[in-house]
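J.: Below, each chain spelled out in residue letters.
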Amino acid sequence: MAIIHLQVNKQVVTKDVPDQTLLIELLRETLGLTGTHTGCDTTQCGCCVVLVDGVSVKSCTVLAVGVQGCQVTTVEGLADGTNLHPIQTAFMEHHALQCGFCTPGMMMSALDLIQRHPQPLTPEVVRSEMEGNLCRCTGYHNIVKAIVSASEKMHAANPASLAP
Amino acid sequence: MNSKFELPQVSAKPSDLIQGISLKAVGQPLKRKEDLRLITGQGRFTDDFSLPNQTWAWMVRSPYPHARILRIDKHSALALPGVLGVFTGTDCSADGLKAIDHSPVPSTKYDVKLRGPGDTPVFVGRHVLLPTDKARFVGEAVAMVVAQTREQARLAAEAVSVEYEELPWVADTEQAAAPDAPRVWDDLPTNVLVDATFGNQEATAKAFQEAAHVVNMKTRINRVTGVPLEPRAALGNYDPSTQSFTLYAGSGGAVRQKRELAQVLGVDAEKVRVLSFDVGGNFGTRNRAFVEFGLVMWASKKLGVPVKFRAERTESFLSDYQGRDLITEVSLAMDAHGKFLAMKAHNLSNVGYCCVSLSPLSKGSGLISGSYDIPYAVLRSRAVYSNTMATQAFRSSGRPEVIFAIERLIDKAAHQTGMDRIELRRKNLIKPSQMPYTNPVGSTYDSGEYEINMDRALAIADWSGIEDRRAQAKLRGKLLGVGMANYVESSIGSPKERADVIVHEKHIEVIIGTQPAGQGHETSFAQVTADLLEVSFDQVFITLGDTDIVTAGGGTHSGRSLRHASTVIALAAIDLKAKARQILAHHLKAPLESIDFIHGKFVHHSSHTQLSWFELFQVAQTADLPAELQGGLKIRRDNEMHTPVFPNGTCLCEIEIDPQTGGIEIKNYVAVDDVGRCINPLIVHGQTHGGIAHGVGQALWEQCLTEPDSGQPLIGSLMDYAMPRFDNLPSFKAEIAEVLSPTNPFGIKAGGEGGTTPALAVIASAVEDALLPLCGPVEIPMPITPVKIWTALQKAQKN
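Sequences listed follow chains A and B, in order.
Be aware that the first sequence starts at 1, since it is given in my numbering, and climbs by one per residue.
Be aware that the second sequence starts at 1, since it is given in my numbering, and climbs by one per residue.
These are calculated hints, taken from the structure and not from any lab test.
The model shown is predicted, which means the values in this text are computed figures rather than measured ones.
Beta carbons are placed, not taken as given, at the ideal position from N, Cα and C, and that holds for glycine.
Hints may be right or wrong, so weigh each one.
These stretches of chain A come out as covered by chain B in the derived footprint (C-beta under 8 Å, 3 or more residues) [unchecked claim]:
| # | stretch |
| --- | --- |
| 1 | 31-39 |
| 2 | 43-49 |
| 3 | 75-89 |
| 4 | 99-112 |
| 5 | 119-127 |
| 6 | 132-139 |
Which chain B residues stay away from chain A? Per the calculated CB distances, all over 12 Å, these [to be verified]:
| # | residue |
| --- | --- |
| 7 | ARG68 |
| 8 | THR132 |
| 9 | LEU188 |
| 10 | GLN243 |
| 11 | PRO436 |
| 12 | ILE466 |
| 13 | ARG476 |
| 14 | LYS506 |
| 15 | GLU593 |
| 16 | ASP624 |
| 17 | ALA627 |
Chain B extracted, bound-state conformation (with noise of 0.2 Å):
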């Protein structure tokens, strides 16, 4: 049954469709199902399957950011032991390999419409699995070797000789962008693909015209990358009785890999088969198919074994989906009471080598205005290419991007007027009663109490405290800054997701097509069902990332899994509901009207019967009944639900730096974030507590650093790219805030990205505050490192 699930129907609320349901699972803090087979060493990561007489792929990558592939000699690497074969991009053209469509370009209704220059549809390069031409980035693999073992694939990676001609190179966003840059690729008179223009320019441009106060800044938001703990592997085998693949790979979604990837092959979909379990990790870099994912099946094929991958941690540094990498430059226009009038904004995105997503740009682009009620905007959004490894969606897509630029703005524009920064903010909040609010570009806010939010982060992280503590501080020699930061995310994501609903002989199966790499989606998946089934939260098991077993699904991103899976499961619920009540009235022989449902049992208060769901899973075998009807107790619902949602909160940070060393420690960190309703509170922190790690970590330490004169990346290992740690975290108070979402049927709105979105802000804000006395107002780029801290206080002691 397909359904398009959307709000303006005359009268219906989506929290009509679990009306009567009571709540006893939902908004539990249960412990999680999953943890079980995770902590006694049972989970099923790729590299944790092996097959019969199973071969290794090892990757040959270019040295060379941009190089011509001249030519390619085998014959030392074929004659070496245990050497299966040595393929190239001349062999995959051969096979008729195709390159991997991403779709990158975001296409629900509610994204901004995102155009190359001229209103032209934009390029987006050709992902293919080894290129036949040129290679565009360092560590792009440009052959592959199967051997019998790890090692004779790897020591024979290295007497394949790749002839290369050195091409001119580009890394840097903003040289990329420059009309006489090297061009990635030859399709494109420059390198910018996108180059769109959005909001009311007219309108803009008076409001700037009429401000008392203009407010500018410029920054760049650095290139990270996920390292997830589990490196990107890939198991591919080629069944030729049934002419059929399979692939086991962890990813962010098992069935668009699936069509991605048969599309690649050449086949049909359903002759390929993905299976992706536990997931070490994935934060949008697993989102994309890797051509890893694609060569091991082919090379499966071709040899008549299985192929299995697994990448080195320097290769998941050097190829694994980026993130972030974005230029902004903002403007603001107040009025001389500090109203904010207008804004502007231009947006510049490095996508690397090829686009494999412009969710970044896009997502970032409807939010430029942040939680603030901001009449006028204008944003041109544009993107680039360049010799890097491409980027993706990191958590919180793009999203963390602008809440940077609007925070920091207001903050310049604090100490530019001498307002107070709260104040300043309190006056623009958008309220409650404005909502729904249709934001300078078009997006429009579901709900949220903003300022609430941030009176209770405020008084959290004793505000009123704050001068009394610097004072303290400086006694020890030390700087405190106290940073903040409001927020507001866009949740979209694919719109269609189906469940199968099951009832078995003494539990429930629920198949969904989301892939959690840690989210805990057959915990709170679970909790859903149980409440809407009324059965108990141990008879409901979750199905899972198996495309023989899960045939749709959206896979899971941009906090969409839960909000959408619970909508279509309560659908289905309502479904099975009706089939079990119609099985049990053919079974009675009674009225359909008679059979009722109630405390998690079909009843028929004539015949005194009252039967179980497992009960009736029985009669439901058993019984004579018409077609229709047959096949068991189970429901496949469909749902397409397009409306986005906009979780929100407010988060504030108080450091010390030591001026000594320019060391910054973190004392105190607050969170409060609107999830909408919390299904399981001990999930959602955890993603919160996670999520801050991330924004943390790219605020203070991470970088993916390109040697500026020879397009090496400097990022090898985790010696060389410095992470959040135990030691360099402090634990935190995050609170949630349920304000439920009028958008689907539980209130749901996110909890996986709240935390990173505000922590780049909050962070440089911490940082700015601790420096204001010895140092005014100071913008430390990104990642703001102790060298960098130090330098800014030595030169203004010089000064």
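Here chain A stands alone, though its shape is the one from the complex (with noise of 0.2 Å):
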């Protein structure tokens, strides 16, 4: 058993857990945040990714006390109060999901991608680099829409800060 202490969306967390315990599964099954999801368990379809310290994570490949100390985000995190995120929103309005089993992971995903470029993303960057997230809905053209829509209100919003 190890004790962990870290911030899961700004709340200070501090629990006693099996030391093989999934980043995951602490999010999901010790604190009952299953907005994050399981899709395949090795890494490969990017539906757990969350954010630790501002870094887009595959949660189901990292020990949760590999993320001790550390600020991890998830997509209960995104939304302040009842204001969605611009992410959350885009999705929305381009359709971007069907039956959102992904979405969680890839608008994390994607919020990463936003942050780490300077100018508002091209289709061509987003098909590049969200090559880690799958979808089995959409076919990918609305969330590409989404992504760089979202890329430019938040740049255009804030440019010099793009922190969630």
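Two independent chains are provided; combine them into the complex using the hints.
T.: Right, dumping it as structure tokens:
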């Protein structure tokens, strides 16, 4: 067992967990944050992506003890109360989700991508960079549109800092 | 109230049911009601549910394609920490658990009638939860371990010792059909479970004799799997105080699962409650019950605790229902001018180790002549068992297979005769004046403007500029190819649907028995309801997926949902308005005829009364009403509708091949789809995009490959099973055509599967076109991988 301290969606968390506990297990089973999903167990589908200190991470392949002292952001931490984050609004407006299972991981990866690029994204960059996230419903068409649109809005609103 | 809703009543048209309704929400690209919970992490997928004292199940799976189970030793496993039980097929039998009855033979009067060899009933095997005699495919569950944690259950499953006697096996479709093949079921003399012939043999033979040209082709439609991103999962709980079971399990229809699983457990259907809320992708994969669904409920009863199961991705690859796997041999007879005279087809479907659905074979059988006027046809449909996971309907069940066959055959005919492939199609397309058109195997197409679709797609794809682009691509060292395919498909599906429409204080609720997995029913059904009742879209909410609330319903498959839902809701709306007028008439002590429904209000002119639905709700709560009007402002309506519809369209695709590597890039993808009335274009386009991805995926990357020497599946993870990704698909140019179907009130066809249906053919057609200058006409088997293209190019260079 190991005692870990971290922040999840700006809340301080201290838990005593078995050593082999994965970050996704901590989030879903210990903290009840079921918005982050397990799709493949093997770091290939991207349904489990969360931000750790602002960087996208596949939480199915990270031990909970490995995020000791870190700030973790999950899909539940994106909206500010009832005010949706621009990435959420863009996914809704562009019908970038159907079943919605890949969507949380997709949005978290997209946020990292937007933050890493000083200019609004092009569809080509999105298609190349998002390759680690799979969607089986949309054929990606509308997700590309949503991410490009969110990047434009986020850059226009606050080019200096894009932290969620 | 029950009603059968069928077209041929004197002078009555289905569209009369919505006469006078002004369409405000219908047709608009409204944002989805589902999205808010899904983008904020508040979705309700199966694994999101947990119950107090929940335990975990893990399956012990067969490593052999075919093996007799000699002995299962539980002792070591039972001694491990946290283990609560180890269960085998013998335990299931001892408790009287029955095999799952999938009713796999399609039985509506519009389905072709599939029969066993020699016109016998079809033998469908026994889909037991855990087998007692033999394992019949790699990955079949032969025992279940339940422990306090998932990790404990996983470790204990490794400690279960199963002694097998390996048996001869067969996985390949054609080999399985051979008379001397190892038999999957001893109940049958061979593995062939269906052998039926349809059409006019005499006229077809005569047409082939008189034909100027005969074109033959044999092709294989590769086996694929659905890969819904939510792994299949189940949480079962038994309540001894009520002797009832609860199952949380995403599927394609909770009502069906409830009925079938109650039979398995040997209890009345009302003793089983199934909850299926958000479903993380289906595509047909989840339309039949999985053995784990029954097992977790049964184990919960035995152990007195809730039992949960969640498949690993590897287990999903091994034991999710798979799709396609058809070998088709087709021949086309033409006269000297290119007019099609007749066709012959012989389809052989691999159903896997037991038969859960013959829908793919049946659906395809009804559409072998595609979009073309072919007077005569003969079709022999066969299905065969093999030592592989069972196949099921996969997105656009059976139709991509037959459209592939007819469209590739036409391309081949064009090459063989030197005719233009567009003009050859144009000459033979069914004309609007021929609708309703009965094809040579008896399917009657409802409506469609096939040539208009084709010309529209050709214009969007800039067909006339191809040769210029081909020349430019050549300068860049690339081989440009353009593929094209027309398609027609059938939407049939379960014929019964029920809607409860309930007026509440501030909103209207519709309870219905379809089961979306991303298709947006909560949105499009609300659009329909809003217009029918003349309320705003925001005031309507749809309830789905809990069998304690949803009492009947046909689920979601075969593009049936919106057509069935809109029809039964239209009928319910009429009933509800009638009931509402009666309530107000009674309340005002006014004659019924004096109550009108105008712009969403119930109006009684002489007393200057104008009440909205919600004001009338209050009246219904408080007024002193006769018994038949009591119980609130709500209505239940059942409907049965058998008549199929036939979505159709045209698809074009432009690719470039790099001859150095065989790599393919899709440059342009155009789809024109006649979906009948489009309720929400945002959703329909999304469905088209996703459907295209499934079809392109099958054509270029996807394959459930079995190692020929060992019978071992070679797909174990997303590293082995190549799929559509962000960087290998283009953006699409999809346009909607709306030729209203005369068969239902709103004129709906279907929009969920048209993207997939022509995609296999169009990709193969494009590859062939690109390689034509160097290789001549070639048919590269799917999936058309770079190495196969490169090999074809090398071979051509040598010759």
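J.: State for each hint whether it applies.
T.: Evaluation of the provided hints:
1. 31-39: holds (count 7)
2. 43-49: Result for this restraint: holds, n = 3.
3. 75-89: holds (count 6)
4. 99-112: holds (count 7)
5. 119-127: holds (count 3)
6. 132-139: Since three or more residues must qualify, the claim that chain B covers the stretch 132-139 of chain A holds, with 7 doing so at under 8 Å.
7. ARG68: It holds; ARG68/B is separated from chain A by about 32 Å at its closest Cβ, greater than 12 Å.
8. THR132: 31 Å, holds
9. LEU188: Since the minimum Cβ distance to chain A is about 35 Å, LEU188/B lies beyond 12 Å and the statement holds.
10. GLN243: 30 Å, holds
11. PRO436: Fine: 32 Å to the nearest Cβ keeps PRO436/B off the interface.
12. ILE466: Per Cβ check, ILE466/B is outside 12 Å of chain A; nearest 23 Å; holds.
13. ARG476: 18 Å, holds
14. LYS506: 19 Å, holds
15. GLU593: 45 Å, holds
16. ASP624: Per Cβ check, ASP624/B is outside 12 Å of chain A; nearest 43 Å; holds.
17. ALA627: Holds, because the least Cβ-Cβ distance between ALA627/B and chain A comes to about 44 Å, which exceeds 12 Å.
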